[in-house]
Amino acid sequence: MKRYIVLLLLLGACGHPEDNLKQDGETLATLNCRAKKLQDERFKLADDIRFAEDSLLEGKGDTLLLKKRLAVLNGQIEGLHQRTRIVADSFTLVMGQLHQARYKEPASRKALDTAVQNALSVLCK
Amino acid sequence: MRLFFRFSALFMLLLLSFACNKNEDNGSIAKTPCDYNDALFVREWFALECRIVKETPGFFPPQAARAFGYTGVALYESIAQGWPGAPRLAGQLNGFAANAVPLIQNGVQYDWALVANATLADIMRKLFEKNITPDNLNRINELEARWQGELSNGLAQDVIERSVSFGRIASQSVFEYSLMDGGHEAYLNPFQTPYTWPTMNGAWKPTGAVPNPLSPRWMNCRPFMMENLLEAQPSVHPAYSTDPNSEFYKAAKEVYDIVRNASSEQKEIARFWADDPFATCTPTGHTFNILTQLLEEHDADLGYSAVAYARLAIGENDAFIACWKTKYDYFLIRPVSYIKENIDPTFTTVIGTPPFPAYTSGHATESAVGSRIFTDLFTNGDGFYPFTDRTQMQFGFSVRNFDNFNKMAEECANSRLYGGIHYDFDNQNGLKMGRAIGDNVNKRLDWPEIQ
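Chains as they are written, first to last, in the working numbering: chain A, 1 to 125; chain B, 1 to 451.
Looking at chain B on its own, in the form it has when it is part of the complex:
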């Protein structure tokens, strides 16, 4: 009987291995990135990046968005030259010179999946270099070797070597571009201490044991698109006041009332979008996980996947620079501090308040970026898309269903109100910022046609 199970299991393994790779085009010579029908290896890289962000000290939301940002840009830029007519990001992104990535050799063959695989491995090693755990460095090396082995099947040795070599050159070029953006190795001092805080009525104050606000100079980082920093800034928030008739007091009282009367559904939503109190790959990672799920559901090819990840990467990186500029321009007190001082000293939030100012919400900003990019990629422009977020089931959450990407972003934003973390105006203006940034990425950069 035991033998029967062993043979049966082996048989199933064979079946499953075909099922997992049904569209792989390993043995043939693919002409462009779109000829690789399945981009499972790319999705595995971004899943690994989520894990590495979680487990590498110093990767808070801004640093994580930057890591995902340069990874997505490197992926796209590594394969763009293999895609006839595809615009390159070099020459389009802020400070990324048109000649920053060397040209490929004419008249010789490259395998674009191998190029992408080498690029993703190399850029991840570089972006996390100083703090990565030995286990995670091994995971990068093993994933690179496994896919290099699978993707090399049937290819001539010179094609393999040339492809891997160019993948690393592309990665190095993007990494060099990243060195001067102001965020290089920011994970070594994510709180950017020392920092002198502004003092004024309504100024942020510590909400827990962390004495300093996170990344107060992140606004000085170079965005991929300058317009995302300059044009997405929100209008001013209601003037700080302790007058019970003021707009500000009413906004804080709204947080208080919602938290005090929160339904179990609202608490679940607050936790769902907060991800995890100790080990989260940050809101950006959650949105990348959603994209990974969407790409898997679409059987997206390498070209489509690269465009999708690059768009989200650019938007997320810039969302955290723009949002952090707003946070430190206004340096606004968190609801928990205001409520304890002015409404109820015993007030507690549903989830912990992160250590940085309130206005605007990072979750709202980044999820709106995702909603705009997903809308452009997966819908006819109306955002309607029946979608189930299963990315958090592994952590004990139930699925969440949406029929529209805008609603997904709105729920993510509202989750911060339900959690007692943000005023509603933090969320609404964060959503506006994110939508503007997402639209910029979709419309102001040239992208190849994808289907």
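Same shape as in the complex, but just chain A:
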């Protein structure tokens, strides 16, 4: 299914090279943006966990409540990891296919990187 989506994306941009570049940049930026949001969630969850652990270690706050909170937070890790993996796999597949199909040379890959950055500034605010 993922491969089929990738092919349709590539097919949709069979026109002018500059159109391809823009569209490919947007495709990757969309996935990268999703990954970025998950990354923010992961680091926030990690911060919440370590600050709760710090409080527990330093004897600050209600121990029972802190332990309950930690159990809830730790219970969120696996789901977040699964969502991260799905997006990461999609991104890796799409970027790999694009590199092989249209961006073999270092200069063209740099151009694609720039197109992704440009698209991110619009799509991922």
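Hints listed in this document are in silico derivations from the structure and should not be mistaken for laboratory results.
Please note: incorrect hints may appear among the correct ones.
Here are the simulated EDC-like pairs of lysine to aspartate or glutamate, each with C-alpha atoms no more than 20 angstroms apart in a straight line [to be verified]: (1) Lys-54/B / Asp-89/A; (2) Lys-340/B / Asp-47/A; (3) Lys-340/B / Glu-78/A; (4) Lys-110/A / Glu-129/B; (5) Lys-104/A / Glu-297/B; (6) Lys-267/B / Asp-47/A; (7) Lys-54/B / Glu-58/A; (8) Lys-54/B / Glu-18/A; (9) Lys-125/A / Glu-265/B; (10) Lys-104/A / Glu-44/B; (11) Lys-110/A / Glu-44/B; (12) Lys-125/A / Glu-297/B; (13) Lys-340/B / Glu-58/A; (14) Lys-267/B / Asp-48/A; (15) Lys-36/A / Glu-297/B; (16) Lys-267/B / Asp-40/A; (17) Lys-36/A / Glu-268/B; (18) Lys-340/B / Asp-48/A; (19) Lys-205/B / Asp-89/A; (20) Lys-110/A / Glu-296/B; (21) Lys-205/B / Glu-53/A; (22) Lys-340/B / Glu-53/A; (23) Lys-37/A / Asp-62/A; (24) Lys-54/B / Glu-78/A.
Take the given structure of chain A and dock chain B to it, following the hints.
For chain B alone, kept in the frame of chain A given last:
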């Protein structure tokens, strides 16, 4: 319209399948590993290893470096006999007897891609055996079967069977070599408890919920090159002191000031090299991912790829043994603990502090190994190489650009200062250790000529 898209998609699939395998030499009889123009299958194996490290309980940085280490050694050793004039690692590596891997049969044909494929599958099953998830075991089996099918095209059945058989023999030989290194199945008790800590001023203390330091006896593991353990040890760090005029206090105050005033760029760098707070294939995995990207960009053949992965594998394994020796010889307090006690009790770091002593930085050590090995493989020796690390885009990071592998390693080392995880002297001395180890791997082992 829908039908049109379906046919178009199929057409594109055909085109892409050629694009993905444009240099494959599946149908012919290749003479040496260098005759396999594309080593996509090898890169896929190391990408899978990254995933398995992430998802297998007990694989922290030392255990991960060991797994990548023996995988890289097994890959190279499996194909070395098919490469006329190529020195073997058996006989060169510490404790790896020259006759540890049986000789191939004379006068019969092997397919070296099939050999390598079987070796990589087999060694990964063995290295992660007790804790691997069923899903990941299936991934190994499926990847092995898929590539065995593709690589077998046009080959006689006896060649296929002989090649797969030798791949497994080579893997078994390397696995047997690994059994006595002190790290076998260390993932079952990565904290090596029970452990009695040293008590002294400035001793490490827990920085979070994990009560014990990680792998305190990892220093006893056998390195691939003894000189990497004995000759790469750093000089002593500034003497522990709480005197505000002391070097030590100033180093901690530097961490404090940098974290308090960290720019968004510095925070991004700290996170980028930390990979992920929950599921990381460790700094070694990140450096392997960079190598995989470099090999893809170079269209590296099987021989070149095997040498590159083996060099990095040896260096990374030994980097974590040497670094862990330093960590437990000095058992130094982390900046966060020192700062909370002596500078500001409300101090928090940018990212979490891992549960082991500070001196020296594992990230700095291992990234410097990578920088030296990449410099030797991909440059004329000056390290200059315009390079974009795209390996973290999948996790929501932007690319990072470097014009020199040394700068890449320095940024990785500095990221630990920006994150509040390490003193600068942890990083600078870690870089020195890693450079020494990388140079040893490049220069003191015999490697085949590669282009």
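Right, here's what the structure says about each hint:
1. Lys-54/B / Asp-89/A: With Cα atoms ~14 angstroms apart, Lys-54/B and Asp-89/A stay inside 20 angstroms; holds.
2. Lys-340/B / Asp-47/A: holds (17 angstroms)
3. Lys-340/B / Glu-78/A: Roughly 31 angstroms between the alpha carbons, so the hint for Lys-340/B and Glu-78/A is violated.
4. Lys-110/A / Glu-129/B: violated (40 angstroms)
5. Lys-104/A / Glu-297/B: holds (8 angstroms)
6. Lys-267/B / Asp-47/A: The hint holds at about 14 angstroms.
7. Lys-54/B / Glu-58/A: Given that 20 angstroms is the threshold and the Cα spacing comes to 30 angstroms, the pair is violated.
8. Lys-54/B / Glu-18/A: Violated, at about 38 angstroms.
9. Lys-125/A / Glu-265/B: Holds. Lys-125/A to Glu-265/B sits at ~17 angstroms (cutoff 20 angstroms).
10. Lys-104/A / Glu-44/B: holds (18 angstroms)
11. Lys-110/A / Glu-44/B: violated (23 angstroms)
12. Lys-125/A / Glu-297/B: Not satisfied, since the Cα-Cα distance of roughly 32 angstroms exceeds 20 angstroms.
13. Lys-340/B / Glu-58/A: holds (11 angstroms)
14. Lys-267/B / Asp-48/A: holds (17 angstroms)
15. Lys-36/A / Glu-297/B: Given that 20 angstroms is the threshold and the Cα spacing comes to 25 angstroms, the pair is violated.
16. Lys-267/B / Asp-40/A: Given that 20 angstroms is the threshold and the Cα spacing comes to 12 angstroms, the pair holds.
17. Lys-36/A / Glu-268/B: holds (12 angstroms)
18. Lys-340/B / Asp-48/A: holds (19 angstroms)
19. Lys-205/B / Asp-89/A: violated (38 angstroms)
20. Lys-110/A / Glu-296/B: holds (15 angstroms)
21. Lys-205/B / Glu-53/A: holds (14 angstroms)
22. Lys-340/B / Glu-53/A: This hinted pair holds, its Cα atoms lying about 15 angstroms apart.
23. Lys-37/A / Asp-62/A: violated (31 angstroms)
24. Lys-54/B / Glu-78/A: holds (12 angstroms)
The structure does not agree with the numbered hints 3, 4, 7, 8, 11, 12, 15, 19, 23 stated previously, though it agrees with the rest.
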